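Asker: Chain X is already provided as a structure; the job is to place chains A and R on it using the hints.
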Amino acid sequence: MEFLGEVRDYLETNGEAVLESLAQHIWLALLPVAIAFVLSLPLGWTVVRFGWARHPVLTASSIVYTIPSLALLLLLPGLIGTGILDPLNVVIALTLYSLALLVRTTADGLSSVEPQAIQAAVAMGYTPLRRWFAVELPLSLPVVLAGLRVATVANISMVTVSALIGIDSLGQLFTRGFQLGFYTPPIVIGLVLSVLLALTADLMIVLAQRALTPWARVGVSR
Amino acid sequence: MIEFEGVTKVYPGGTTAVDDLSLSIPDNAITVFVGPSGCGKTTSLRMINRMVDATSGTIRLDGEDIRSLDVVKLRRGIGYVIQHAGLFRHRTVVDNVATVPVLSGVSRREARSHARELLERVGLDPALGDRYPAQLSGGQQQRVGVARALAADPPVMLMDEPFSAVDAVVRQSLQQEFLRLQQDLGKTIVLVTHDIDEAVKLGDQVAVFGEGGRLAQLAPPEELLAAPADDFVARLVGRDRGFRGLSFATAGEVAVEPVDTAVDGLVLELDGEGRPQGWKSSQGTLPTEGTWTVSDNLRTVADLAILSPAGAAVRVDADGRADGVVRHAALAEHIRRHQVARLGGDA
Amino acid sequence: MSDGTFSFLLDGANWAPGADDGFPQRILEHLMYTGLAVVIAFVIAFPLGVLIGHTGKATFLAINAGNAGRALPTLGVLMLVVALAGTGLVPATVALVILAIPPILTSTYAGVNSVDPATVDASRGVGMTGFQIAAQVEVPDALPIIAGGLRNATLQVVSTATIAAYVGLGGLGRYLFDGLALRDYPRVVAGAILVAVLAVTLDLLIAALQRGLVSPGVDGRAERGPRTPTRLDELQPNER
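Chains as they are written, first to last, in my numbering: chain X, 1259 to 1480; chain A, 1289 to 1635; chain R, 714 to 953.
So here's chain X without its partners, still in its complex pose (with noise of 0.2 angstroms):
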């Protein structure tokens, strides 16, 4: 086909300049998730252990969560002074919606877990901090999880959106269609490599879920 022809000629003129949006991409994408994912982990404990701090923490980050991504980009030089070419600034944005997206998530995993399987770790002589990484931590997993998957495939989408203020990424692809006169094939490739990679990164961590929870799969057989 006449289009497949057109995407095969893309990718051999461009295609250095594509795995470099591609790199530059997965790493703009990741390094927030993993930043936002650790720092997750105090907040999500906070969150649950202080009844308080619960409303003011998930207002502010619906707050943020619900600010339109190009919006913040935007936003953030004039808050913090990062440059709005700066692929720094996008980390930082992102940084903040994931963290936005997983506090919630960890305070909903940390508070699943049974009271009951805590009253017994309690009465059976754990320490608070042995006990938070021995039944707390591992129990609430599943959930946790669950929220990464979803952080990570939203950022990964999201990074396209700093292609317009003119950072590189797969989204350049994207544009780079549409200043060639909306030519598809760039656009198609771009696609194409955005949802293969959010769909790699979503089984990685199945798997890794899978490996880290073998106790959440098993159903009541007996």
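The set of hints was computed from the structure by calculation and includes no laboratory data.
Note that the structure is a prediction, hence the values are computed from the model and not measured.
Watch out, some of these pointers could steer you wrong.
Looking from chain A toward chain X, a few residues come up when the C-beta cut is under 8 angstroms (computed) [as the list claims (entries may be wrong)]:
no.: 1; residue: N1337
no.: 2; residue: S1344
no.: 3; residue: V1360
no.: 4; residue: R1363
no.: 5; residue: R1364
no.: 6; residue: G1426
no.: 7; residue: G1427
no.: 8; residue: Q1429
Glycine residues also receive a C-beta, built at the ideal position from the N, C-alpha and C atoms.
Answerer: For chains A and R alone, coordinates are given in the frame of chain X:
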């Protein structure tokens, strides 16, 4: 020995959960805390391992005030079994049971092999050890909970409604096995239940809690049935106290009449080896509806007498051979004399 | 931030109702794009979600719509649709609708599916038809979750409509791109703040609507009674 000395628990809102509780929990016996909901029995239990701290009063474990002991060490030395087991879903059954030993520094391998022995002890197939709790039935999970509490061989076990979450049939078998286990192990056990029949069945001593966390009566189950301290206890204990109390009396001394005695025109028919086949009348043979031995209790005998078509219960020896019958009237007379002796006995 | 940053936002001239490039006009445009796309998406996805949830068929579609939607880069979808169908309101709306359908579909399905089977069984036993069950039992029970999906969809559309200004659409995104092109940061800030406020306001409105429509028996508001301190305290053991 665990002693409660004037223990009171008042919650911030003003509710008194436990009101000036003083009692002694003897070693190597089962003490049951029973009462309606909100009467403070669970709160009192949980004060023993300091899951709840008393507002005033002292609790002593072997003479020492538990508040002066390191709480983590205290808890590791007390087994705790709760309703719905509270197993760690994310660990295999064997790892669940091995939890406290591992916490206390025992090697994982040793703890695991000991855990498998314990699983057998509580009546489970050790192969279940590699499964996850979600794969076990409610009754099996409850047994794992008990095994887990026993793992560090604590002298004291606290059990909070351990058998309530399973159906009646499973509950019966769990209770039987629990008694058998206690016979072997002789632990100091405090068990909370809302079921008075369970309390009477399992307890060596029963503490009845009333509204507002007060102790209404502390007595062995037989005395609870025979002499409830007040209306509240009497209502809690329920009806048929007299009849239920008979289960504490042995049938060993009941006088029997010879096997060939004719009762209302019915004669006991035996097979070649002397085993009872039924009551023979001119019209045919009626079934005996059961037999009793000298190791049964009076309640069983009375029940059999009621069911028997001849109005007489058939006693058999260890080999199942009939060796006597007892009629209603004779049995009633025996019960009457037993009651008189009992009342005369405790002044 | 320098004084000039908010100059565009605070300039009275921009707040004039009649002006083509004024704030009221752009806000209205943005609301129109959003409203149009969300309503169309709802009309498509809501009945579909109820149908799949009620009958239990084709659940694969509903369950994975959400994930698929999340994995699609909004800019890419927009560009593709526009590349194929040209610029203008219709192609842009089509793209917005495509992006708004997944959250509504998935949430509606999830909501209807999570209704207690015992409740559905009881209504069938009482003699309600499938349609009655769906309309009178399943949907009201699922409203909180469905409303959640609606909020997500609206958020998605407001965000993408902002980006759509890149391909010639009006709305608040215009200030962002015009501002970037003209290197006029105050203009960019104005657009960003306005669209952020718009998004948050719409979200709060839907949340309020949700509280108004959803029965107190469903979202837990009817459960708040006097709580006995004992239960609460018993759940929080002393840990030292």
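Asker: When the hints from earlier in the document are held up against this structure, which numbers fail?
Answerer: Of the numbered hints, 2, 6, 7 and 8 do not hold.
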